[in-house]
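Q: Position chain B against the provided structure of chain A, taking the given hints into account.
So the sequences go chain by chain: A and B.
No gaps in the numbering here: position 18 of the first sequence is 19 in my numbering, and each next residue is one more.
No gaps in the numbering here: position 201 of the second sequence is 231 in my numbering, and each next residue is one more.
No wet-lab data here; the hints were simulated from the structure.
Hints may be right or wrong, so weigh each one.
[Unchecked claim] A short, non-exhaustive set of chain A residues, derived as facing chain B with CB atoms under 10 Å:
| hint | residue |
| --- | --- |
| 1 | 184 |
| 2 | 271 |
| 3 | 272 |
Glycine included, each C-beta is placed from N, C-alpha and C at the ideal position.
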Amino acid sequence: MAPVTKRKRTDRSFYLSIAPFFAIFIAFSLFPVVFSVYLGFNDWDGFSPPRFVGLDNYAEAVGDPVFRKAIGNTIWLWIVTTGSTVALALVLAVLVDEYVLFGRNYFRMVFLLPLLVAPAIAAILMRVFFTSNGGLVNLLAGSVAGEPVYFDWLNSQFWVKPLVALLVIWRWTGWHMIIFLAGLQSIPRDLYEAARVDGVGRWSIFSRITVPLLLPALAFSVMTSTLGGLQMFDEPFVLTAGTGGTNNSATTLGMYLYATAFTNFDFGLGAAVSWYIFMAIVAVSVLYRLIQKRLDMGAS
Amino acid sequence: MRRSNPEKRFKLIVTIALLCLSVIFIMPLYWTAVFSTRTLGDVFNFPPPLWFGTNFDENYARVAEVFPPWRPVMNSLIVAVPKTVGLVLVSALAGYGFARYTRAPGHRFLLLMAFATLFFPPTLALIPFFLQMSWMGWLNTFWPLIIPALASGFGVIWMYTYIGSTVPRELYEAAEMDGSRGLATFFFVVLPIIRPGLAALGVWTLIQTWSEFQLPLVILGDGSKFTVPLALTSLSRNYFSDTPAVMVATLLGLIPVFILFALLSRQFVAGLTAGAVK
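With the rest of the complex left out, here is chain A (with noise of 0.2 Å):
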């Protein structure tokens, strides 16, 4: 008797652990999440009844040539984003690493400070200093030039998106830096030795050695600027203060699904949006997979 009593006494404090966590995600993000397959097959301004027009949204969506500009928008700033911010980081830990003569904490530490920046804030930032009547950027140009520079940075449609990628990059390579120069401790000491010893160049040890043997740590890290990029929104929203650029040059999805929700109080269309995008995580998702089971293989 003993022992079931106990069994039973702690099945319940299990369920009581997990059960707030278990409750709220049910009521605000299951809920929502569920609902909005509802909503991504109805047409609906949030007040008339809503209307079953089955998939239109989704139709009319991929219609909208500015739909179509924020895809090719969105997969530019993603893979620029990724590519230079994981590329830079990558570099950076392993000269912090290997090759600083002094200062390593500075140097850890210092490349941090702009993730505290919020992106809204890193926006504004931006504006102030690349506006184009006395910002510090023209200042800098114009006295190169030995005349005035008025460009006008954040109106260009093809400046605006590198603007962008500028700011994901500052704010976002010292966290990676960070990642790798975690996973550059478990590379063992005498792996690097002995190619010294062999007489492999720096270069060689680099590519043959650090970028394989931290191919775990690239994979998170691509994976997770990979989740943000898709879903971006504050930093070209506050950049373009809400415009997205001349001619939506800055236009990401996630700034679409905005306007089409809360500014034209297209409820359906958003929705239909944000599946589009949920679409697009789930197949990069199931990409990572393949390829952390290959790696897998490969090690074994």
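A: Showing chain B alone in chain A's frame:
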């Protein structure tokens, strides 16, 4: 000796290059501080001021004409502090349940569910969540920014791995022998042991919350409730040409996180790497 000389020179070049790069990285923050103490004329002059001026009080007064400069900071604290404490507790409790009661029926399935929540992109729930909050009458209050955020899949999984690797199983048995039941064991035995993990998750949550923009933008309509990023965005939109005033408000909004980072940077870094270990 001959071999070590080029090696040393290479390292010196690397160190100096990194030093320069780090200066570029912090320059925007430094200029924010400098500009907040300068007059409007200084800011638009070339060369840009590199050292602090004496105009901070006047710039501060101009912000104060628009809104009380500390109000957004207070609003952010009202959201961030209860959310952080609650999120850490809810996560640690669930992590403890998953780490300890591995043989309870449904354990595997529920753990998988907790993992799956990591793949719920916040974007997906944004619109329906807004509608839900409007039906509940929670729009333009702080509740939607606090209560729903308490359930964090990331926090639970993180606490689960942390407790699994730091709390030995024998401890549960010993506590049981002493007559300590499940919840009491959590509060009086487990929580004190996992304090470093709690701190790391807490710092990470606080900094994330301080940065949050999209959700408050959708939920909060009344300017007096704006959190730091919202208040700054609307200030810079309406008074864009007054750079020193914008910089004063920015500086005030950044000070709390920078103090927190200065005090707890080690826990913060530990929190970052914990995610990668998984």
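Q: Against this structure, judge whether each hint is valid.
A: Checked hints:
no., hint, in the structure
1, 184, "holds (7 Å)"
2, 271, "holds (5 Å)"
3, 272, "holds (6 Å)"
In this structure, none of the earlier numbered hints is contradicted; all agree with it.
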